[in-house]
Amino acid sequence: MRVHLWFTMATLLLTFGVGLADERLKVVTSNETLAAVAREVGGDRVEVFSLSRGVEDPHYVSPTPSLMLQVTDADLFFENGMELECWVERVLDGGRNAKIRRGAKAHVYACAGISPLEVPSTLSRSEGCIHAHGNPHIWLDPINAKTMAANLVEGLKRVDPEGSEVYDQRYAQFRARIDVAFYGRDLIEVLGSEYCDRLQRSGGLIEFLEAHEYKGRSLIESLGGWRKKMLPLRDMNLVAYHQTWAYLRDAFDLDVVAHVEPKPGISPTPSQISLVRRMIERHEVPAIISAPYYDVGKVRTLAEETKTNAVVLPSGVGADAASVDYFSLFERITDLLLENARS
Amino acid sequence: MKSIIRWSSVSLLSFSVLSVSTAPLFGQESGKDKQIEEVQKQIQKLRTLYENRLEDLEKEVDRLRGEKKDSSLQKLRRKAAEFSEKKKKEQEVMDAAARLTGPGSIISSKFNEFNPRITVFSDFLGRLDGRRVNNDEGVDTTDRFSLREVEVDFRADIDTYAKGVLILAMEEHSPNEYEFKVEEGYLDLHTIPGLEDVAHNLRFKIGRFRTEFGIVNILHNHDLPWTSRPLPVIGFLGEEGDVENGLGIEYLVHNPWNEAITFNFQIVNGENSTLFAGANSNDLAFLGRLKWHKQLSLEHEFQFGASAYTGNAASDPPADTTRLSTLMGADFYYRWRPEKGGDQTSILFQTEAYLRHREENDRTRNRWGFYSALQHQFLKNFYAGARFDYLSGAPNSENDWHHKEAIYLSYYTSEFLRFRLGYEHEEENNGFDNDTLMFQVTWVFGSHAVEPYWVNR
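Taken in order, these protein sequences are the chains called U and L. Numbering (our numbering) for the first sequence: 1 to 343. Numbering (our numbering) for the second sequence: 1 to 457.
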């Protein structure tokens, strides 16, 4: 009798997945940067899992059954969108969780409402691995992180209305921290977040600050944060391996004069390498930048040949040991670029 | 403003002091002290009044100063807004110019979300044989090029609950003769409408599909990591593998260890002519598969699987006879992707073993086979590998054996184009042997579904 009872209980457990309930919402994200944003705005109300690691190329993640298992009991799924994660569809199909499917209320795209860069004018594979909706590496502009977090907060409030106040509060804190970290406290106090963002998005922030005064003091003196830290590198020419850095380039007024890949996702050809060499010499490029998951060996060889530096930048949270959250990611990126410039 | 306040306060104080000093001239001697006390109270009252008023006026001054400060700030912010608008417009003009002068001046197309996603796979094969080779129909296929197969893959969401998949194939079955067929066409039901909470870990497949036996059978020809299917797959499931009409249920098994364990159960027509009774089958076949996938770390993963497939080996057998055919299989793969290599390198070991058990009246006949394959992705776009196949004898010659050794080198220009060179040596104990050099090109155009994740880019 006892054996039968145990057997029945085990069967029920296996069939209906009765487990220990965790009151926290299970938020699953497609990458670690999104997971970091989710932790910022979700706080203790959420438990966050990332399907990929920061050292992985977010375009190519194996949609294994183990990942499918992660989403079966997810309360909310948060992905970048803009066709960055073609593999996610397989994971969601395999996860059989109707509430987080694309289009469902517990599915959130981080990219909603973000102005895309590099939207292709033609959709053809002859242009390489292009993304129809534009360059998807949106998280590399701190302003976009605020929109990404806002999208997530809307999703969290849909699935957990009781937590709305907490999510709003934490979102406001995250937003304020981003503002101070990016522009500095003084500038935010003078111009406010909205006007700083408007100027930054227009590409004219520094020009405006240099041309205007407040209380007899040039506004540029009020600039702080990462934006000030990166001012010495303004208009610096760089070569990048892949088109990962378009948003970072615009956020800090950098200039990417060439890519090692002839077209996105296409391995470098000898003619492209030769072109890149010429560009490095002509523009006196101080660094070739690459994410850690690309062919770093090739980047280093090219840098040695052209007497420039190879800088492996973390392209997302978790891409190196120091980039543990959204803020340390940008500290790390800016530190590495400045160190390179100094060297 | 502050000077007005000062003058007012001085006047008030002077008046108060004057009042206090003149009071004794008009009052009685006895009430002097009382009067003084009264006057002091009045002074105190006036002082309080004066202090309150002073405080109010100072606040007013601060407010007016703040307003003045705000207006300059507002002016600055207005300037910021105007400046950003101007810059934005300049940028828009530049972007528009770039669109007009850049490659492809018009946005020619966007994916039509309501139409199915369409992908076309083409598989081209050239072979150079060491001896004369015939196909299944006895037609000579030695030393020739062949557009082996073209597949058109349509996929779309049907509604909230289901997806549809249709894969049409045109295959060269004899030189320059193509056969059109529905390779797969099924409904992929993610859940049961209305029972999402109870049955959310179930998935249903209804239609025509590749059955879930082992690892390789579910792969289409263009997805294979080799140019040919392994001998045991051909020997037990047919030249193209097993494709059947039927129903399938996939269950992601909840377990206390939170492991990725999947159970598949499929009921199909049992019309496979190699394993069962062929197109004339009147009996259903049943397939069960259990697999366990484990991601040990980012670098290491493996999968174990076991499958069983049973049906009738003959159509309409006499009433007092049985012709049961059962195929059992076990499979395993292990993949190592060094973390530092990103997606540049990987090593894959994969193996499958098969045992077929056939009952014919009081006779039982067993046949077995296996293959093992090792693949090394030594650069991002280069894969080299080797495979060994073994198959015990055909049903009428149980002591015979058949084996094949294959090596290959694949090069991807991108996920959409692959070149492959292969060499195969095949030998049977009846004296047959052959060496074949193969050249394969596979290309994909369209919206491209993700390839089998463990074997290819």
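In case anyone wonders, no lab produced these hints; they're calculated from the structure. The beta carbon of each residue, even a glycine, is placed where N, CA and C say it ideally should be. Careful: at least some of the hints might be erroneous.
Below, a sample of chain L positions facing chain U; criterion: calculated Cβ distance under 8 Å [said to hold, decoys possible]: (1) ASN201; (2) HIS293; (3) PHE416; (4) ARG420.
Think about it this way: if two alpha-carbon atoms lie no more than 20 Å apart in a straight line, the pair counts; the simulated SDA-like pairs of lysine to any residue are [claimed, not checked]: (5) L:LYS380 - L:LEU417; (6) L:LYS75 - U:ILE206; (7) L:LYS79 - U:ASP197; (8) L:LYS86 - U:ALA181; (9) L:LYS79 - L:ARG63; (10) U:LYS263 - U:LEU275; (11) U:LYS26 - U:HIS59; (12) L:LYS380 - U:CYS129; (13) U:LYS229 - U:LYS99; (14) L:LYS181 - L:LEU202; (15) U:LYS105 - L:LYS89; (16) U:LYS99 - L:THR413; (17) L:LYS163 - U:THR269; (18) U:LYS215 - L:LYS75; (19) L:LYS79 - U:LEU275; (20) U:LYS263 - L:LYS79; (21) U:LYS215 - U:GLY203; (22) U:LYS26 - U:ILE206; (23) L:LYS294 - U:LYS263; (24) L:LYS294 - U:ARG90; (25) U:LYS26 - U:ARG158; (26) U:LYS263 - L:ILE158; (27) U:LYS99 - L:ILE158; (28) L:LYS79 - U:GLY192; (29) U:LYS229 - U:GLY184; (30) U:LYS298 - L:ARG210; (31) L:LYS380 - U:THR269; (32) L:LYS380 - U:PRO264; (33) L:LYS380 - L:SER346; (34) L:LYS291 - L:LYS380; (35) L:LYS88 - U:CYS129; (36) L:LYS380 - U:ASP253; (37) U:LYS263 - L:LYS75; (38) L:LYS87 - U:HIS212; (39) L:LYS181 - L:THR160; (40) L:LYS291 - L:LEU417.
Each hint, compared with the structure:
1. Interface hint at ASN201 (chain L): satisfied, since its Cβ lies 5 Å from the closest Cβ of chain U, which is below the 8 Å cut-off.
2. The beta carbon of HIS293 (chain L) is positioned within 8 Å of a beta carbon in chain U (closest approach about 4 Å), and the interface hint is therefore held.
3. With 8 Å as the threshold, the beta carbon of PHE416 (chain L) comes within range of chain U, its nearest partner Cβ sitting at about 6 Å, so the hint holds.
4. Interface restraint check: ARG420 (chain L) against chain U, minimum CB-CB distance 17 Å, threshold 8 Å, status violated.
5. With a C-alpha separation of about 14 Å, the suggested pairing of LYS380 (chain L) with LEU417 (chain L) holds against the 20 Å cut-off.
6. A distance of roughly 18 Å separates the Cα atoms of LYS75 (chain L) and ILE206 (chain U); the hinted pair therefore holds under the 20 Å criterion.
7. This hinted pair checks out: LYS79 (chain L) and ASP197 (chain U) have alpha carbons roughly 14 Å apart, not beyond 20 Å.
8. In summary, the hint linking LYS86 (chain L) to ALA181 (chain U) is not supported, as the alpha carbons are separated by about 26 Å, beyond the 20 Å threshold.
9. This hinted pair does not check out: LYS79 (chain L) and ARG63 (chain L) have alpha carbons roughly 24 Å apart, beyond 20 Å.
10. At roughly 13 Å between alpha-carbon atoms, LYS263 (chain U) and LEU275 (chain U) fall within 20 Å of each other, so this suggested pair holds.
11. Distance check on the hinted pair: LYS26 (chain U) and HIS59 (chain U) sit about 24 Å apart at the alpha-carbon level, beyond 20 Å; violated.
12. With a C-alpha separation of about 15 Å, the suggested pairing of LYS380 (chain L) with CYS129 (chain U) holds against the 20 Å cut-off.
13. For a cut-off of 20 Å, the pair hint linking LYS229 (chain U) to LYS99 (chain U) is broken: about 43 Å separates their Cα positions.
14. At roughly 29 Å between alpha-carbon atoms, LYS181 (chain L) and LEU202 (chain L) are farther apart than 20 Å, so this suggested pair is violated.
15. Distance check on the hinted pair: LYS105 (chain U) and LYS89 (chain L) sit about 36 Å apart at the alpha-carbon level, beyond 20 Å; violated.
16. Between the alpha carbons of LYS99 (chain U) and THR413 (chain L) the distance comes to roughly 38 Å, so the proposed pair goes past 20 Å and is violated.
17. Between LYS163 (chain L) and THR269 (chain U) the CA atoms are separated by roughly 40 Å; this puts the pair beyond 20 Å, and the hint is violated.
18. Under the criterion of a C-alpha separation no larger than 20 Å, the hint pairing LYS215 (chain U) with LYS75 (chain L) is consistent with the structure, at around 13 Å.
19. Using a Cα cut-off of 20 Å, the hinted pair LYS79 (chain L) and LEU275 (chain U) is violated, with the two alpha carbons roughly 43 Å apart.
20. For the given pair, LYS263 (chain U) sits about 41 Å from LYS79 (chain L) by alpha-carbon distance, which is inconsistent with the 20 Å threshold.
21. For a cut-off of 20 Å, the pair hint linking LYS215 (chain U) to GLY203 (chain U) is broken: about 24 Å separates their Cα positions.
22. Of the pairs offered as hints, the one joining LYS26 (chain U) and ILE206 (chain U) is violated, with about 41 Å between alpha carbons and a cut-off of 20 Å exceeded.
23. Of the pairs offered as hints, the one joining LYS294 (chain L) and LYS263 (chain U) is violated, with about 36 Å between alpha carbons and a cut-off of 20 Å exceeded.
24. Restraint check for LYS294 (chain L) and ARG90 (chain U): satisfied, since their Cα atoms lie roughly 17 Å apart, inside the 20 Å limit.
25. For the hint pairing LYS26 (chain U) with ARG158 (chain U), the CA-to-CA distance comes to about 14 Å; that is within 20 Å, so the pair holds.
26. About 35 Å separates the Cα atoms of LYS263 (chain U) and ILE158 (chain L), which puts this hinted pair outside 20 Å; it is violated.
27. A distance of roughly 17 Å separates the Cα atoms of LYS99 (chain U) and ILE158 (chain L); the hinted pair therefore holds under the 20 Å criterion.
28. Proposed proximity of LYS79 (chain L) and GLY192 (chain U) is supported: the alpha carbons are some 13 Å apart, at most 20 Å.
29. Straight-line distance between C-alpha atoms of LYS229 (chain U) and GLY184 (chain U) comes to about 10 Å, which keeps the hinted pair within the 20 Å bound.
30. Restraint check for LYS298 (chain U) and ARG210 (chain L): the C-alpha separation of about 41 Å exceeds 20 Å, so the hint is violated.
31. Annotation: proposed proximity of LYS380 (chain L) to THR269 (chain U) holds, straight-line Cα distance about 14 Å (limit 20 Å).
32. Restraint check: the Cα-Cα separation between LYS380 (chain L) and PRO264 (chain U) comes to about 15 Å, which is no more than 20 Å; the hinted pair holds.
33. Between LYS380 (chain L) and SER346 (chain L), the direct Cα distance comes to roughly 9 Å. Compliance with the 20 Å bound is thereby established for this hinted pair.
34. With a CA separation close to 29 Å, the supplied pair LYS291 (chain L) and LYS380 (chain L) exceeds the 20 Å bound.
35. In summary, the hint linking LYS88 (chain L) to CYS129 (chain U) is not supported, as the alpha carbons are separated by about 29 Å, beyond the 20 Å threshold.
36. Restraint check for LYS380 (chain L) and ASP253 (chain U): the C-alpha separation of about 32 Å exceeds 20 Å, so the hint is violated.
37. Between LYS263 (chain U) and LYS75 (chain L), the direct Cα distance comes to roughly 46 Å. Violation of the 20 Å bound is thereby established for this hinted pair.
38. Of the pairs offered as hints, the one joining LYS87 (chain L) and HIS212 (chain U) holds, with about 16 Å between alpha carbons and a cut-off of 20 Å not exceeded.
39. In summary, the hint linking LYS181 (chain L) to THR160 (chain L) is not supported, as the alpha carbons are separated by about 29 Å, beyond the 20 Å threshold.
40. For the proposed pair LYS291 (chain L) and LEU417 (chain L), the alpha carbon gap of about 31 Å is over 20 Å, so the pair is violated.
When each numbered hint is compared with the structure, violations occur for hints 4, 8, 9, 11, 13, 14, 15, 16, 17, 19, 20, 21, 22, 23, 26, 30, 34, 35, 36, 37, 39, 40.
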